[in-house]
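Residue numbers (numbering that gives the first Met the number 0), protein chains in the order written: chain W, 0 to 347; chain D, 0 to 476; chain A, 0 to 295.
Be aware that a few hints might be false.
Below, a list of computed lysine-lysine pairs in the DSSO-like style, where the Cα atoms sit at most 30 Å apart [unchecked claim]:
#, chain 1, residue 1, chain 2, residue 2
1, D, Lys-407, D, Lys-446
2, W, Lys-334, W, Lys-78
3, A, Lys-293, W, Lys-292
4, D, Lys-311, W, Lys-78
5, D, Lys-311, D, Lys-446
6, D, Lys-136, A, Lys-130
7, A, Lys-293, W, Lys-252
8, D, Lys-446, A, Lys-130
9, D, Lys-446, D, Lys-423
10, W, Lys-292, W, Lys-106
11, A, Lys-70, D, Lys-407
12, A, Lys-130, D, Lys-423
13, D, Lys-423, A, Lys-70
14, A, Lys-293, D, Lys-423
15, A, Lys-293, D, Lys-311
16, A, Lys-130, A, Lys-70
17, W, Lys-78, W, Lys-332
18, D, Lys-325, D, Lys-446
19, D, Lys-84, D, Lys-446
20, D, Lys-325, W, Lys-78
21, W, Lys-292, D, Lys-325
22, D, Lys-423, D, Lys-407
23, D, Lys-84, D, Lys-136
24, D, Lys-38, D, Lys-325
25, A, Lys-293, D, Lys-446
26, W, Lys-332, D, Lys-325
27, D, Lys-423, D, Lys-311
28, D, Lys-311, D, Lys-407
29, D, Lys-446, D, Lys-136
30, W, Lys-78, W, Lys-292
31, W, Lys-252, W, Lys-292
32, A, Lys-20, A, Lys-70
33, A, Lys-55, A, Lys-20
34, D, Lys-325, A, Lys-293
35, W, Lys-292, D, Lys-446
36, D, Lys-340, D, Lys-325
37, W, Lys-292, W, Lys-334
38, D, Lys-407, A, Lys-293
39, W, Lys-334, D, Lys-325
Hint data in this document are derived by calculation from the structure and do not stem from the laboratory.
Spelled out from the first residue to the last, the chains are:
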Amino acid sequence: MINDLYVHGDMVAKITVGRSAYCCGMTATATRPAGPGTGDLSGVARSEATLRTFLYGLPGVDEVGAQARAAMLGTRSIKTSSKAWAIDQAIGMIDLTTLEGADTPGKVRALSTKALRPDPEDPSCPRVAAVCVYPAMAAVAAPILAGTGVHLASVATAFPSGQAPLPVRLEDTRAAVAAGADEIDMVINRGAFLSGRYLEVFDEIAAVKQAAGAAHLKVILETGELATYDNVRRASWLAMLAGADFIKTSTGKVAPAATLPVTLVMLEAVRDFRSATGRQVGVKPAGGIRTSKDAIKYLVLVNETAGEDWLHPDWFRLGASSLLNDLLMQRSKLKTGRYEGPDYFTLD
Amino acid sequence: MAFEYAPAPESVSIVNIRPSYGLFINGEFVDPKDGERFKTVNPANEEVLAEVASAGPSDVDTAVAAARTAYDTVWRRLPGRERAKYLFRIARIIQERARELAVLESIDNGKPIRESRDVDVPLVAAHFFYYAGWADKLPHAGLGPDPRPLGVAGQVIPWNFPLLMLAWKIAPALAAGNTVVLKPAETTPLTALLFAEICQQADLPPGVVNIVTGAGETGRLLVEHDGVDKVAFTGSTEVGRLIARSLAGTRKRLTLELGGKAANIVFDDAPIDQAVEGIVNGIFFNQGHVCCAGSRLLVQESVAEELLDALKRRMARLRVGDPLDKNTDVGAINSAAQLEKIRALSEIGESEGAQRWSPPCELPERGFWFAPTVFTGVSQAHRIAREEIFGPVLSVLTFRTPAEAVEKANNTPYGLSAGIWSEKGSRILAVADRLRAGVVWANTFNKFDPTSPFGGYKESGYGREGGRHGLEAYLAH
Amino acid sequence: MPTESTSVSGAGRLAVRKTYKLFIGGAFPRSESGRSYAVTSSGGDFLANAALASRKDVRDAVRAARSAFGKWSAATAYNRGQILYRVAEMLEGRRAQFIDEVSAHGAGGDAASTVDAAIDLWVWYAGWSDKIAQVYGNANPVAGPYFNLSSPEPTGVVGLVAPQESPLLGLVATLAPIIVTGNTAVVLAAEDRPLPAITLAEVLTTSDLPGGVVNLLTGRIAETVPWLASHMDVNGLDLAGVTDPALAADLEAAAADNLKRVVRPPAAPVDWHADPGVGRMIPFLETKTVWHPKGA
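Chain W with its partners taken away, still in its complex shape (with noise of 0.2 Å):
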């Protein structure tokens, strides 16, 4: 529904998010929601105030049902012919990632060569859809990935804490962008969202976004900090209200990373913001998903949340490094009909 989100400044912004109780204490009219892409929330940062009631009239998530939802969607059985297609799938989205204070050269090198070929006995075998690696190793991916498809992500914003003074932050992510990286995965604000200086936060990542240029930005909220299913909603509006190109669950860095649930909840309010504004905004869960079983589960819950539309590299990834060869794995059993060992995978 369109509601006057604040009536005393020089414009009135619209809401299109459907829902009267999103304005609870402002002036809620009983308009209908308009279609998609009608939507102007330009307006909803402009002060804490707006933001804030913004952000606390998103509707409640009940923790129990949204765990209940996504575990249901867990039992899917996925056979045969959708499986294959399935795993297919999921390799052209994953973003192999390596971020270890041990990551060199070689080892970005290695990692950047399977992306590009993952099953060396196999051409058939889907690229990745990016490689993910520390600023400081963007350089060395960044030939071997040029021209291939295969995008380079880069994390930036002092990963994986964001405790670092912005400039710094913003510096990261500028010299990312300039050593090859076309992909920015930022960390946002934890203390700050969890202290609720949502506008805070939401203007660092205008500013990532800004600094970020061309490159597309990924907010990582680090839903494992956020603790509730509340805070992961307003969390990835604000993201996506501040610029954001694909939300992301974790770093990886923290227990637990990405999960069903909360991605669910990333994909409803995916799915929603679309439907508020038009725009499409991609989800990636990353860490924790390291079996084939994992990530179909994942595509499943993508498949009947927010639909076919983002069953697509541009607008799902998974952030992961050990998935790969379990995919490849059961790529094979697929096709052998045998079960195979890991003797016959790349380690990198």
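With chain W held as given, fit chains D and A onto it using these hints.
Chains D and A only, in chain W's frame:
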């Protein structure tokens, strides 16, 4: 890109359906004395599954006599802890044979294997476990220091949750020291007959559990039998009324779990995505063949359109089809007769002016199928808002204030269940207090547990099943 | 009552007699039919003319009971307990009058001890108001992240045919459990021994009990009770005072029309002095179970 799920059928090889079944009386399968038999079919493809005996008057006599003898000579004399061990045994065997029971249930009933596997059968085992523990603790049930069993219980159960309803009936009856004669529904006798085998495997003394198959006439013979001390019935209000009438003037105890027309109330501050799931679960779970189904959606007018959009989007994701496919959400309607009733009431809904909508879905050619359906623009006066459809058909009404929601929710002769969706705790508690319904689900729906009493107000029947309250139906105090 | 002790005072004063009327919605009307019937003592002496209630009186009484149900059932248990205890206080104050009436009816046993037992039983039930939910309710440990609580709630409007042989104690033993739990009642008093019931009504009306919570009719059971049994706005029926088995069966069958909760006539004579347990409260209680997820 479209993500199509390939068929993922559960294997039926685990189930061994015999071509023909006798009656389970006094611990063994016997042929019916008048020899009459009827067929039970798979509602998903109309194939005959087996021939089942139809118990006549002398069969019911024999079964009641067997139960009486078992009661007098064995079961009532057995210490509670020994009865408990039999029930624990039964619970364990149900777990051991869970997959087999689930597949058989889906074949005979038409319900999705996901539900029989994840809901029905686990609850069946849990129910026996729960009441097993009561068998030697009855003086602690709050019904006086020396509660006593009633004798022989005649139990008649419906076709919507065949095995679960059997568990709801048999477990508390046996725990309390009664013996039983149970009649499963005509269209879904097979899991009860498999349960008879489980009783044999558990070495349950002969006559403690007797299963007599048949149609309504067999049920009538059973509940009206002079040798029965206690009648428990789950089914339609219409039949429940007949039973209550037929027991008038007798000393038989009676509990009834009957129809419903539950209101599922969605306030404007509801957790909307979970509310949509709850609505879907409320009316499309088990094809809507649920007495406590949330068949009347009462939605606050200010969010009605938004909610309906979300509901329709969600309904379009429902996977209707082969009950044995592990990805099926909505299975087959249990019988041709039930399908006809659902169709007739839906047509009345249309002719009375409500707007009908179903997602595009391809239904199998053979078998009994009905697409998930929602009616909007429904008022309290419409028949689809008053009568129990017992199918996947939702009627949507709107309200403006909590008082109006409560008033509309209670404006029915039924009072089995209700749902409330709101993020405001005090509103939930206030509304829950005022709803005249035996089970109120707040921010959830269609949840069941052996420890939790279930049963209705008003014409939804009397007595409770489950929990400590469920024992009361089988004890004199 | 024109008994020796009260009809004529020692000074030869003519006593002022009481008119025994119905008790509906807190008022004391005569029967809308204008009829009455003579009530005689166990020895055959004329005691009073009691109102002979009609089906329309039954209808009015049910209507009064229904309209009182909302408030009474929603009153706090503490409040109901207070009011019922107040009733006991008022009963105590009329102890002598009850003894006279009970003994005039020749209801067997020692009238004084019967009245004392009735008052004490009323006190006993008054104390149940805020305990029955604790004794008969339940926190249910379901296997999942859910709050799950079962609480008893009143059934609604309950019809009561009061015991014939025990016009006060039997009445208290059947009426108190109905109302203490929040139901409202339509009582058909003991047909030939209605006087203590009407005096009880006078007690109730001076005890802060809201009008309509108890409605009391005198008259011919066989004439009035079928209307109560078949009434679609009555939720429960206690046939304690129905002595004819064939009538009881008919009433139970009629009660099935809207699935009333029925308490059958006792199989054997009841000792109303015995500890009643919770057995007369439970039949007119519905158990409501509320589920709610537990999530942060």
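Taking the hints in turn, this is what the structure says about them:
1. Of the supplied pair hints, the one linking Lys-407/D and Lys-446/D holds, its CA atoms being roughly 23 Å apart against a limit of 30 Å.
2. Annotation: proposed proximity of Lys-334/W to Lys-78/W holds, straight-line Cα distance about 13 Å (limit 30 Å).
3. The suggested pairing of Lys-293/A with Lys-292/W holds, with an alpha-carbon distance near 29 Å, which does not exceed 30 Å.
4. About 28 Å separates the Cα atoms of Lys-311/D and Lys-78/W, which keeps this hinted pair within 30 Å; it holds.
5. This hinted pair checks out: Lys-311/D and Lys-446/D have alpha carbons roughly 23 Å apart, not beyond 30 Å.
6. Restraint check for Lys-136/D and Lys-130/A: the C-alpha separation of about 23 Å stays at or below 30 Å, so the hint holds.
7. About 28 Å separates the Cα atoms of Lys-293/A and Lys-252/W, which keeps this hinted pair within 30 Å; it holds.
8. Taken as a hint, the Lys-446/D and Lys-130/A pair is honoured in the structure, with Cα atoms around 28 Å apart against an allowance of 30 Å.
9. Among the hinted pairs, Lys-446/D with Lys-423/D is consistent with the structure: their alpha-carbon atoms are about 21 Å apart, no more than 30 Å.
10. At most 30 Å may separate the alpha-carbon atoms for a hinted pair to count; Lys-292/W and Lys-106/W meet this at roughly 27 Å.
11. For the given pair, Lys-70/A sits about 19 Å from Lys-407/D by alpha-carbon distance, which is consistent with the 30 Å threshold.
12. The suggested pairing of Lys-130/A with Lys-423/D holds, with an alpha-carbon distance near 29 Å, which does not exceed 30 Å.
13. Restraint check for Lys-423/D and Lys-70/A: the C-alpha separation of about 24 Å stays at or below 30 Å, so the hint holds.
14. Note on Lys-293/A and Lys-423/D: the hinted pairing holds, with a Cα-Cα distance of about 14 Å set against a maximum of 30 Å.
15. Distance restraint check for Lys-293/A and Lys-311/D: the Cα-Cα separation of roughly 28 Å lies within the 30 Å cut-off, and the hinted pair is therefore satisfied.
16. Note on Lys-130/A and Lys-70/A: the hinted pairing holds, with a Cα-Cα distance of about 20 Å set against a maximum of 30 Å.
17. For the given pair, Lys-78/W sits about 13 Å from Lys-332/W by alpha-carbon distance, which is consistent with the 30 Å threshold.
18. Pair hint Lys-325/D plus Lys-446/D holds up; C-alpha atoms about 21 Å apart against a cutoff of 30 Å.
19. As the CA atoms of Lys-84/D and Lys-446/D are separated by approximately 28 Å, the hinted pair is consistent with the 30 Å bound.
20. The suggested pairing of Lys-325/D with Lys-78/W holds, with an alpha-carbon distance near 10 Å, which does not exceed 30 Å.
21. Only pairs whose Cα atoms come within 30 Å are accepted, and Lys-292/W paired with Lys-325/D is accepted, the gap being roughly 16 Å.
22. Restraint check for Lys-423/D and Lys-407/D: satisfied, since their Cα atoms lie roughly 20 Å apart, inside the 30 Å limit.
23. A C-alpha spacing of about 13 Å is found between Lys-84/D and Lys-136/D, which places the hinted pair at or below 30 Å, so the restraint holds.
24. Taking the CA atoms of Lys-38/D and Lys-325/D, the gap is about 27 Å. The hint holds against a cut of 30 Å.
25. With a C-alpha separation of about 14 Å, the suggested pairing of Lys-293/A with Lys-446/D holds against the 30 Å cut-off.
26. For the proposed pair Lys-332/W and Lys-325/D, the alpha carbon gap of about 22 Å is at most 30 Å, so the pair holds.
27. Simply put, Lys-423/D and Lys-311/D have alpha-carbon atoms about 25 Å apart, close enough for the 30 Å limit, and the pair holds.
28. With a C-alpha separation of about 23 Å, the suggested pairing of Lys-311/D with Lys-407/D holds against the 30 Å cut-off.
29. The hinted pair formed by Lys-446/D and Lys-136/D meets the criterion: a straight-line CA distance of about 26 Å does not exceed 30 Å.
30. Our distance criterion of 30 Å between C-alpha atoms is met by Lys-78/W and Lys-292/W, whose separation comes to about 11 Å.
31. Taking the CA atoms of Lys-252/W and Lys-292/W, the gap is near 22 Å; set against the 30 Å cutoff, the hint holds.
32. Between Lys-20/A and Lys-70/A the CA atoms are separated by roughly 25 Å; this keeps the pair inside 30 Å, and the hint holds.
33. Taken as a hint, the Lys-55/A and Lys-20/A pair is honoured in the structure, with Cα atoms around 15 Å apart against an allowance of 30 Å.
34. This hinted pair checks out: Lys-325/D and Lys-293/A have alpha carbons roughly 29 Å apart, not beyond 30 Å.
35. A hinted pair counts as satisfied when its Cα atoms are at most 30 Å apart, and Lys-292/W with Lys-446/D qualifies at roughly 28 Å.
36. Straight-line distance between C-alpha atoms of Lys-340/D and Lys-325/D comes to about 28 Å, which keeps the hinted pair within the 30 Å bound.
37. Between Lys-292/W and Lys-334/W the alpha-carbon distance is near 17 Å, which keeps this suggested pair within the 30 Å criterion.
38. Our distance criterion of 30 Å between C-alpha atoms is met by Lys-407/D and Lys-293/A, whose separation comes to about 28 Å.
39. Note on Lys-334/W and Lys-325/D: the hinted pairing holds, with a Cα-Cα distance of about 23 Å set against a maximum of 30 Å.
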